[in-house]
Amino acid sequence: MINPKAYLNPKLFDQDIDQVASRNGFGEGLVLAAENNEQVVGLCADLTESTKMTAFAQQFPHRFIQVGVAEQSLVTVAAGMALAGKIPFAGAFATFSPGRNWEQIRTTICYNDVPVKVIGSHAGISVGSDGATHQALEDIAIMRALPNMIVISPVDAVEVKKATIAMAKLSKPCYMRLSRDKIPVVTTEKTPFEIGRAEVFYEGADVAVIATGLMVHRALQAAEQLKSHNISVRVINCHTIKPLDKEVVIKAAKECRAIVTAEEHQITGGLGGAVAEVLSQNFPVPLKIIGVKDKFGESGEGNQLLDKFGLTKDAIIKAIKDVTALL
Amino acid sequence: MSLTIKANLIRQHVIRMLLEAGSGHTAGSLGMVDIFTALYFHILNHDPKKPDWNQRDRLILSNGHICPALYAAMAESGYFPVSELMTLRKLGSRLQGHPHRASLPGIENTSGPLGSGISQAAGLALAGKMDKAKWQVICLTSDGEHDEGNTWEGVMLAGKYKLNNLVALMDRNNIQIDGFTEDVMPLNDIKAKYEAFNWHVLEIDGHNMNEIIKAFDKARTILDKPTIIIANTIPGKGVSFMENKYQWHGKAPNQEEAEKALAELKSK
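Line by line, the protein sequences are chains A and B.
Position 111 (the first sequence) corresponds to 111 in the numbering used here; numbering is contiguous.
Position 259 (the second sequence) corresponds to 259 in the numbering used here; numbering is contiguous.
So that you can see chain B by itself, here it is in the shape it has in the complex:
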């Protein structure tokens, strides 16, 4: 199965999960599906049957609210049964509304409160370097959470310690809860900001599988600093009436909307 077909399947899971849960974050989840697919089915060095395997790459999700896409990619790659996806946000589920490390094997970090991912990833990368480990740390972060001071504290530290075993990817979808990022709190020239903090910056189309894979390949060749991949994405990607609408940031589809979304995805 091609990565594109796999991504389409994962998008369908996301819609069904959010419908069943009755709440959750649709736009960001759909927007990051291509990246999660590329990671779990091509980029990450991991073993879904041995989630504690010490040589695995560590995937830190900083903006935990897009976890429906994470869970769907994990289930499709074999961490747990696909049927369990429908328990999202329900009592007793391992699929908490925001990811909880102890609840589900394969989740590296508890997240949800924004801005803490890059620092945790930097801590992992520091520890990896101390132990001369071969594994890589990949941190997924959102543009919106760059409003948080903690994000920039982590960015500064990773630059200082030249953490070349850390690759961050920013979901640059230009939206956050209250509106467009550049209206809520302008981020301006993200590339220049990261470069000023001694990071290598790559910029890609976050829906182009080749570009995603090439960027992570390229990042492994940058040996003197951490790399950030600014991935331009379309929030709500794949469902035309959700695309680029910040109103879908924190909303789940109703039955009618879900059926319409699934019909569109299946037709692709």
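The shape of chain A in the complex, shown without the other chains:
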């Protein structure tokens, strides 16, 4: 059953659940963070509207830097501003930032250990018609490998807003991935959020699904459907991939004895990899990883692509059945 302490959207399983692109939450959160702290600045690589930084740029024109189509410049200029005490939010598409500027992020942000917030919009295959060049499916892996970096993959626009405000208060490098397409609003303002803490959204004891981003809603639908088949599924919203909430992961392994992970990312190096690292070294249990299987995406509508690449409720249900059959 739904964890009442998660205060999820009452319309969670309704057909007409509100749908909002998670990047919208970033636009709102950035303005709030900037109102709270005058050191917050914004930088963008010619994608101000796409990354939803327009409201910030209009409200704080002197704190907004347009770097042009130059992602290496985007993060190194941000690093320089952070050296002077600013808290820079640097926005672009995730395939280009952190895709194109990984070494600059590594050296000038992570090794310098300055609080730049790298915001990668248009992450995942649900980007849709732009095709594989614009669908970031490796960003979690490449950011997770960097010392000092915090990696956040929120479930919806409401959580993105909270994450934006929270990371502005954190004196560490952060990476946050955002969706382009509208996705279900799973949480509410009252839903608990703390960077580094995974939350149980659906209580269950036979198997745990640890999911991130838009896959959380699909995992919740799977859990609800399996309830009538007497399979009790725990669904964990893992918005912080690094540092991973090991306690919640190990507890799930001990209590449920089987784990499924689900993410809109390659199956190598993402959430599934992070969970596998923790399980294998602490409490090994059967694990199935749902993600994109070492392939590039393609053009199409977001939902068509999620279906084609097996990022569905049905795929989660099948993985749950497969993984429990292993017990």
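What the hints contain is simulated information worked out from the structure, not anything from laboratory work.
Hints are not guaranteed to be accurate.
Label pairs and their calculated CB-CB ranges [said to hold, decoys possible]:
id : chain 1 : residue 1 : chain 2 : residue 2 : range
1  : B       : Lys162    : A       : Ser50     : 46 to 56 Å
2  : A       : Thr54     : B       : Lys193    : 49 to 59 Å
3  : A       : Gln281    : B       : Glu259    : 17 to 27 Å
4  : A       : Gly196    : B       : Ile213    : 49 to 59 Å
5  : A       : Ile250    : B       : Asn254    : 51 to 61 Å
6  : B       : Ile213    : A       : Ser171    : 33 to 43 Å
7  : A       : Glu277    : B       : Pro51     : 31 to 41 Å
8  : B       : Ala196    : A       : Ser50     : 28 to 38 Å
Even for Gly, the Cβ is constructed at its ideal location relative to N, Cα and C.
Following the hints, put chain B in place on chain A, whose structure we already have.
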């Protein structure tokens, strides 16, 4: 002590450091010693006893591999004991093979990977302007790293935002690892390129203390754009058998070579 004598002393430190380390970058380090000396002993507004002093000028070193000269100038000016210079590149040393900000107070930026310095300096300068700060940003960059796209991204941005609180100095020594810059990847007319990006350009002899100091003085009077000082330098400067030889870019002297180099420097 005159700046020239100080520079000679710093060159001797550089040779001893590289000998002790057994690896490192000799030519570029020696070539930039006069500029580091002028900066640390005349130009920079800084306090070696208070490296975090908020009003200090920010010195961004973009081509971090010439850090032996940076470290030697910092030690001589009082940031840390001169004896510590001999720990360069060794396990546990604050003097990392390429500078690391968190390792040593007074290092403004981590560097080594080329091409990122001007952008970071531009970011600092933007922040300084937002805060109406009085301090200046000085970025040391090499000619070789102008092969990097990131360099030109930063150059464009600094020109766009008219960052008059930013002064870059290019070590124009005409060499990089694989050979002469104009053979590896011709830079052609650097002055015209910077002018096209809305920078003020000065050109000096990078071994003439008066010219170095005058150029930085002049840069402070340019109020509508950033300034680049193209400093023509001789790689390996001060040691005749190293001068203008790109083979000394990434090589440290052995015992015999170091003794010969030190003898020549001491005789000056």
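Taking the hints in turn, this is what the structure says about them:
1. Between lysine 162 (chain B) and serine 50 (chain A), the C-beta spacing of about 27 Å breaks the proposed range 46 to 56 Å.
2. Between threonine 54 (chain A) and lysine 193 (chain B) the C-beta distance comes to about 33 Å, which lies outside the given range of 49 to 59 Å.
3. The hinted range of 17 to 27 Å is not satisfied by glutamine 281 (chain A) and glutamate 259 (chain B), whose Cβ atoms lie roughly 53 Å apart.
4. The hinted window of 49 to 59 Å between glycine 196 (chain A) and isoleucine 213 (chain B) holds, with their beta carbons roughly 51 Å apart.
5. For the hinted restraint 51 to 61 Å between isoleucine 250 (chain A) and asparagine 254 (chain B), the CB-CB distance of approximately 55 Å keeps it satisfied.
6. Our hint of 33 to 43 Å for isoleucine 213 (chain B) and serine 171 (chain A) holds, since their Cβ atoms are close to 38 Å apart.
7. With their beta carbons about 39 Å apart, glutamate 277 (chain A) and proline 51 (chain B) fall inside the hinted range of 31 to 41 Å.
8. At about 30 Å, the beta-carbon gap between alanine 196 (chain B) and serine 50 (chain A) stays in the expected band of 28 to 38 Å.
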